[in-house]
Amino acid sequence: MGNNIYSAALSGMNAAQFGMATTQHNIANANTPGYTRQQMNVDSKAPVATGSGFVGQGVNVSNVQRLSDAYLTSQVRQEQAQASYLNTFLSSMTMIDNMVSDPAAGVSTALQGFFNATNDLANYPDSATARQSVLSNAQIVAGRFQTIDQRLTDISNNLTGQISSSVQMVNAYATQIAALNGTIKRAISVGQGQMPNDLMDQRDQLISKLNQEVKVSVTQQSDGSTNVFVGNGLALVLDEKTMGMQVVKSSVDPSKVEVSYLATTGKSVSIQQNALQGGNIGAYLTFRDQNLDPVRNGLGRIALGFANSVNQQNQLGQDQNGSLGGSLLVAATPKVDQGINNTGTAGITAAISNVAALTTSDYQLKFDGANYSMVRLSDNVVTNLGASLVPSPTVDGFTVNLASGAMAAGDSFVIKPTSTGASTIALTTNDPAKVAAAAPMRTITPLSNIGTGIISAGSVNGPAPINANVQSPVSLTFTSATTFTVTGAVPAVVGNVAFTPGQNISYNGWTVQISGAPATGDSFNIAANTNAMGDSRNALQLAGLQSQNLMLNGTASLQGVYSQLVGQIGAKTQEIMVMSTAQDSMVAQVVNAQQSVSGVNLDEEAANLLRYQRAYQAAAKAMQIANTMFDQLLTLGR
Amino acid sequence: MRVSSNTLFDNNVAVLNQQQARLMQTQLQAATGKKVLTAGSDPVAAARILDVSQLDAANTQQAVNRGSARDTLISSETTLSNVTLLLQDVRTAAVGLGSASANPAARNTVIAELSGRLKELVGYANTKDAAGNYVFSGFQTKLQPFVDTPAGVSYFGDDGKRMVQASSVQQVSSNDSGADVFMRIKNGNGTFDVSSFVPPGSTVTTNTGSGVIGAGSVINPALLTGNNYSIDFSVAAGVTNYTVTNTTTGVAMPAQPYVSGQAISFDGMQLSISGAPANGDSFTVQPSKNESVFKTISDLITTLQSPATGANMTNAITRGINNIDNALNNIVNVRGTVGLRINQLDALQVAGDDVGVQLKQTLSKLQDVDYNKTLTDLTQQQLSLQAAQKSFVKISELSMFSYM
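Residue numbers (this note's numbering), protein chains in the order written: chain P, 1 to 638; chain A, 1 to 404.
With the rest of the complex left out, here is chain P:
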């Protein structure tokens, strides 16, 4: 009987100590990330049957339970993956957003400066300062494009580094999870089915961290181990085995890296990049492919539009030396990258044919053995190019040319029409005389004319290249009030040409109009515009490019496209910002819910401390009383 009291009291003291230890463990780990609150579970010991009935034997500590809700844990994991994806995406987007929002760093003010300078040149075509100013401002525009492109390149290079380190962390976490799987399995068998709570916390925490790098899915095994899958069900951790991920050159676009799967055999397996959603890696890849590259292309497209239009117009004019104008700016040619798995010998080149038709997408040229096709990578629209690349086909404003060799079936090339536009733009000359302010020809009305016919100043027919005979002298001589002859035109014009006042008269690459009533014998001459220091016709045309809808199939000006680009970047940033804020509060909600189950409440633990202290005191008192009882018993024998 006495023995019974002792053991019951002892079990109470033991249980209280156990509880105290659990409580202290909870208090100690209150701030440990990923820690799950533990709770001691007890039950009463089996009673001993006596003649008077069953007598209790005290308390038994059945286990220390980890208060975790699997559903909430997985929900936190999911929401956190999305939150880290959005946060990383947002911080990347913000970099571009800040860059284009700074008016001093944007392209807009530089473009304005250039067009102001061309207007000034049109006002004072004979001013050396105005001429120099056009060139300097063109340099500023080019510099602005290059600077922004350089910053995009920096961001892009930085992304490559971040993808690599994220992939390294994924591999490290996978290895640690696999190792913990082993430890946990063995701990369970040593503990005879009792769960190693803290190890499981550690593993959950690792999975949560892994999930912030890339979205994973998790399955629990009955032996206590956890399998982790990435992408479309590729195993990353199976029991104690680890597969990994690797950063490799993209097979589609060798100028980029992509993330591939490293099987146990050590073989790198290419995976669909868009399957890697969520987490930092998902954010990096999405940002790079769907935001950074289109922004760079968008900027390149504006640079190309600017360079091509200015060059075109300058080529239609005459420079200060009286020569026909040339190109003022370097306009990029499309970048062509060979697929790394190509087996054919083809060399492919591409050229811009129409800036107004350009998109901001990259393209993939494919050959299936019979037919060529062009895939627009932004929306995967396929243009069938037929069985031959001769003559060179044109897609969306650029022309593809088979320069040498032949493509083998399955070969591909990535063509980026606009990606180098902003980085390549530069001045081709430092000579202000090369700015073509004048038109190459002028019209002359001889003083001997007696009629009232008036000839217009004339314009040069675009697009460049300009007609080689534009400066050859041509005479239009009226043989009657309604007919004239043309001398000097190439090809020669034989006989009379009918005359209607105000009609366009075009020869040798120029167009003039004659209005009024020329008299018989009157003539009008078109000749080289020598000594034309004061002619600003072409400068006016250059200045007019500012308001012309040169881009997007004639629907937007250069400035308009830039504004659109800034608007798009802003809209995307705003969208991500809103989503990210919403996601953060979503995470806060599920974490609150999860913490309300698994988090440590110090007041609760304080109460538990008091509870177990009291329990221990009570049990110890019972022990003391039993002892006193025993003493009492012993004194009976004296």
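For the record, the hints were derived by calculation from the structure and aren't laboratory data. Do not rely on the hints blindly, as some may be mistaken.
What the hints assert, rightly or not - Okay, the calculated bits of chain A under chain P, using three or more residues with CB under 8 Å as the criterion:
| hint | segment |
| --- | --- |
| 1 | 6-14 |
| 2 | 42-54 |
| 3 | 137-145 |
| 4 | 155-167 |
| 5 | 277-284 |
| 6 | 287-301 |
What the hints assert, rightly or not - So the derived label-pair ranges between C-beta atoms look like this:
| hint | chain 1 | residue 1 | chain 2 | residue 2 | range |
| --- | --- | --- | --- | --- | --- |
| 7 | A | R22 | P | N342 | 47 to 55 Å |
| 8 | A | T376 | P | S353 | 52 to 60 Å |
| 9 | P | A519 | A | D325 | 21 to 29 Å |
| 10 | A | S306 | P | T500 | 31 to 39 Å |
| 11 | P | S353 | A | P150 | 51 to 59 Å |
| 12 | P | Q272 | A | V13 | 32 to 40 Å |
| 13 | P | P446 | A | N103 | 39 to 47 Å |
| 14 | P | S585 | A | L383 | 16 to 24 Å |
Claimed, not checked - Straight-line alpha carbon distances no greater than 16 Å define the calculated EDC-like cross-link-like pairs of lysine to aspartate or glutamate that follow:
| hint | chain 1 | residue 1 | chain 2 | residue 2 |
| --- | --- | --- | --- | --- |
| 15 | A | K186 | A | D368 |
| 16 | P | K249 | P | D379 |
| 17 | P | K256 | P | D102 |
| 18 | A | K34 | P | D102 |
| 19 | A | K35 | P | D337 |
| 20 | A | K35 | A | D325 |
Glycine is no exception: its CB is placed at the ideal position from the N, C-alpha and C atoms.
Assemble chain A onto chain P, guided by the hints.
Same frame as chain P, but now just chain A:
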């Protein structure tokens, strides 16, 4: 609901972060005066701001363009007004000569004056602007447009007109070519030109009578042929007849009796001859041609230097005065268009200023901070941040361990 102690802290940290971020944003808006700090904060406004700024910049540049065109036009207007005064002086001198043309001394004075005026006129025609460019040389602003050659003062410029972009849709020319101002002046009455007959190769008429011919006029434009005519006089037995011959076609019209001062009409033209033409006297009628103001003046000088007297002198001087009037008309016309262009620029300036004000208002609405609202927001956000901080400190003090 059970609340974990960490949640209490975490939530508070999150709230404080949010509030501080919001406060910083508002403070930045107040400090910069800009509502749209990055494109992300208002993408639509950001794109609009760029577009409107460019419109505003272009509008400002057009004002600069108008200013430069106005300066050029006003300086050429000044030159043209001097030229007008000069031509009026020349006319006065020529008219004044009428009665005194027989007096060699008076003639010499006028010759000297006209020669001086001619040089002065060439000087005006070769005016340069502040930058040293010739105003009346068309496109060839570095080339002296008017040069005195053995064949008279000739024009070496061209017909080039320098245009400036005066508004987004309008171009205004800021110069007039020397040809239009000084050279392209129709002689005679603008349609035909009458003169005493001068044999080919000579500069002196062979008329001997006292017939004086008027400038004439067009009475029926539909009948005009644009051909050359001669009016030949024959005097036989005290009767004077004239014959009009179309020298282009060689067709002679029937001879008519001559009555001094009576209208002579043919092929839509009408003119009158007064006085007594001698037998064999002849007058020519030709379509009007361009005659430079320089030629008009130098022809006058040549006539005055010649031994001509009487009706021949009168005819030459009348013709000269007529052509000076034509030149004056032409200059007045050119000045008129210059004035019109200046008016046009002024009107565009008013419109441009209005547009500028509108654009700046739009821009201000898009990007400028409403200080009343922003400062109120700032105070409010400050208050709620303080509340969050104070309440958090209070709550965090609550722990059972404090009482154990």
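_Given hint A:D368 paired with A:K186 - CA-CA distance at most 16 Å_ = Violated, at roughly 61 Å.
*Count residues of the segment 6-14 of chain A with a Cβ under 8 Å from any Cβ of chain P, then say if the count reaches three.*
Our answer is that it holds, as 5 residues pass the Cβ test (under 8 Å) against chain P, meeting three.
_Distance restraint evaluation - A:S306, P:T500, Cβ atoms, bounds 31 to 39 Å_ = 48 Å, violated
*Would the pair P:K249 and P:D379 pass a check requiring their Cα atoms to be no farther apart than 16 Å?*
Violated, because 23 Å separates the two Cα atoms, which is more than 16 Å.
*Can the suggested window of 32 to 40 Å be confirmed for the beta-carbon pair P:Q272 and A:V13?*
Given range 32 to 40 Å: holds, Cβ gap about 39 Å.
*Are there three or more residues in the segment 137-145 of chain A whose C-beta lies closer than 8 Å to some C-beta of chain P?*
holds (count 7)
*Is the Cα-Cα distance between A:K35 and A:D325 16 Å or less?*
66 Å, violated
*At the C-beta level, are P:S585 and A:L383 separated by a distance inside 16 to 24 Å?*
The hint (16 to 24 Å, Cβ to Cβ) holds, given that P:S585 and A:L383 are roughly 22 Å apart.
*Count the residues of the segment 155-167 of chain A with a beta-carbon closer than 8 Å to any beta-carbon of chain P: does the count reach three?*
Check passed, 9 qualifying residues.
*asked:* Quick check: does the Cβ-Cβ distance between P:A519 and A:D325 fall within 21 to 29 Å?
replied: Holds: the Cβ-Cβ distance is about 23 Å, inside 21 to 29 Å.
*Note whether the CB distance of P:S353 and A:P150 lies within 51 to 59 Å or breaks it.*
Roughly 57 Å apart at Cβ, these two residues keep to the hinted range, so it holds.
*Does the hinted range 39 to 47 Å hold for P:P446 and A:N103 at CB?*
Taking Cβ atoms as reference, P:P446 and A:N103 lie about 41 Å apart, which means the hint holds.
In terms of the numbered hints stated before, the structure departs from hints 5, 10, 15, 16, 17, 19 and 20, listed from lowest to highest.
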